[in-house]
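Novice: Sequence:
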Amino acid sequence: MTQRNLELALIGNCAIGALIDKKAEVVWCCFPRFDGDPIFCSLLKDGETRSLTGTYTIELDNFSHSEQHYLKNTAILITTLYDTQGNSVTVTDFIPRFNQFDRTFRPISLHRKLTPSGRPKIKVLARPAHSDGAKTFDKIQGSHHISYVSDKFSLRLTTDLSVSAILDETWFILDSEHYLLLGDNESINESIKQLSDRFYSATESYWLEWSRYLAIPFEWQDAVIRAAITLKLSAFEDTGAIIAAMTTSIPEAPDTERNWDYRFCWLRDSYFTVHALNRLGATRTMEQYLHYLVNIVAEMDDEYLQPVFCINGTKQMTERIVTQLPGYRGMGPVRMGNQAAEQIQHDVYGAIVLSATQMFFDERIRHPGGKPLFELLETIGEKAASYYNQPDAGLWELRGSKNVHTFSSMMCWAAADRLAKIAKRLELAERHSYWQGIANKIREAIDEHGFNPSLNAYTATWGGNTMDASLLLACELGFVDGTAPRFIGTIAEIENQLMPQGSKYLFRYIIEDDFGIPENAFTICSFWYIDALAASGRKDEARVLFEDLLSKRNHLGLMSEDLNPITGELWGNFPQTYSMVGIINSARHLSKCWEQEL
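Residues 1 to 598 in the numbering used here are what the sequence shown lists, from first letter to last.
No wet-lab data here; the hints were simulated from the structure. Here the structure is a predicted model, which means the values were calculated and not measured. Hints may contain errors.
To be verified - With a straight-line cut-off of 20 angstroms between C-alpha atoms, the simulated PhoX-like cross-links for lysine-lysine are: (1) Lys371 <-> Lys421; (2) Lys123 <-> Lys22; (3) Lys424 <-> Lys371; (4) Lys72 <-> Lys22; (5) Lys424 <-> Lys441; (6) Lys152 <-> Lys139; (7) Lys371 <-> Lys383.
Taking the hints into account, I'd like the entire structure generated from these sequences.
Specialist: Below, the structure is given as structure tokens:
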């Protein structure tokens, strides 16, 4: 049986998120937001140190096995733990989210309901940590709560269980339904049962209603709905930012030191995220994200636009090593912050313009783009016009080398091309002509320098002979037609170079970088390959590979950043927004039409 260690569930409310394993342990949760201090961080500890601090779990005596599922079309998690005598305890986990007082209520709180069957013997371990897992909180006992206090912030666990049993971590028989609420250090003004049941009902109704209005394909509906909910949970609603993943430092492959902090918003992901949200009909989340991107452009004052921003829109995310956390399965280092913010990536200009183009053509948007926004985007376009033929770190943020990357050039072309289209829609003839001329100039340069006639393929770098999976997006961007000989040749050469023997999945590249030769396939690249196959007329092959890739999701339908090409084991930060976007986009490309089947 394939070993899959990322058998985790995500719950959240667009302010915080928590990862919970199959034994109902909260292994990762940051307060008071996605990029905050991890109060639960056992995910980044090995077996010996895992349960010492930074954990929140329900232990069942004589544990045998567990079952876990989401309540259909919601972000509510149900985990049932069974013992060897046939007793069980069902743990219902959710983070409240619902509409109240004409706004979305999303408190910083984690709710757990414990429901016994038989007479299970359990122990509650609530050991939050702070300062990146280095320190424990002081504990203050109340009549029905425990306050966890530090010099930085404090928490309160309110419960109708025995407070002494939780503080002393003693075993007891769970003989009736009980509740736990972890959140701000504030008292509640009603019984915990009444409050939790009310919040549960409202949260369930919210997610069912939200899912109900998604525009989904006929096939693979469950996969798309779960991907959509996961994408929604990765949105930091306060600013509109969407993070790349909930976690930091889950390695791309075992013992490689390819451990990065992904709790930030990458501009490179923006177009594909907006595209997926548009296809789903999730226009509110899409608008909030576009608003976040526009604010970044409005504040731009540097020569280069950095490729990644904090979820509050600021720039500083200094990368540091956290020595007190040994790392996922003991595979350090654990990094907080990301040095990618310091790199130069010219694809970001295209990502911004491609995303913002939606605001000029989508009639559902309440505040559509006009001439002022177009003029703001032109400042981005001018950077694309200046840097399309200049070296950069590339889409994959190579730290030790710079080249003129063909994909970066294509994204600069896309910026100019879309600006021309926007100008035409706004009836700005002179600006349309100007940007169309820039787009034509960049296209000619790419065809001259980024295409290798002997390979009949676009290559990773100008004048090069190696491949990059991002070139599969040339059709998606509109740079080439899916049936064009140059695109078909690019697909063939990518198959030749980026699918090692025995692998059905694509690597980003197979060249030595700062950390050696990549060992695992990059999940989103396989989705790009599926879409490229469909566009080139190989739809049957694409469907087979898509079904196979879906089978590599974990037991709850979630995916990480990377896949072992042989075993299918999940690696990399989790759940990866890019991968979930891939599910949505590929399903819509491949699905049969509703009209054909009904």
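Novice: Against this structure, judge whether each hint is valid.
Specialist: Evaluated hints:
Between Lys371 and Lys421 the alpha-carbon distance is near 13 angstroms, which keeps this suggested pair within the 20 angstroms criterion. With a CA separation close to 16 angstroms, the supplied pair Lys123 and Lys22 stays within the 20 angstroms bound. Using a Cα cut-off of 20 angstroms, the hinted pair Lys424 and Lys371 holds, with the two alpha carbons roughly 11 angstroms apart. For the proposed pair Lys72 and Lys22, the alpha carbon gap of about 18 angstroms is at most 20 angstroms, so the pair holds.
Under the criterion of a C-alpha separation no larger than 20 angstroms, the hint pairing Lys424 with Lys441 is consistent with the structure, at around 19 angstroms. Between Lys152 and Lys139, the direct Cα distance comes to roughly 14 angstroms. Compliance with the 20 angstroms bound is thereby established for this hinted pair. Distance hint between Lys371 and Lys383 is fulfilled; the C-alpha atoms sit about 19 angstroms from each other, no more than 20 angstroms.
The structure meets every hint from the earlier list without exception.
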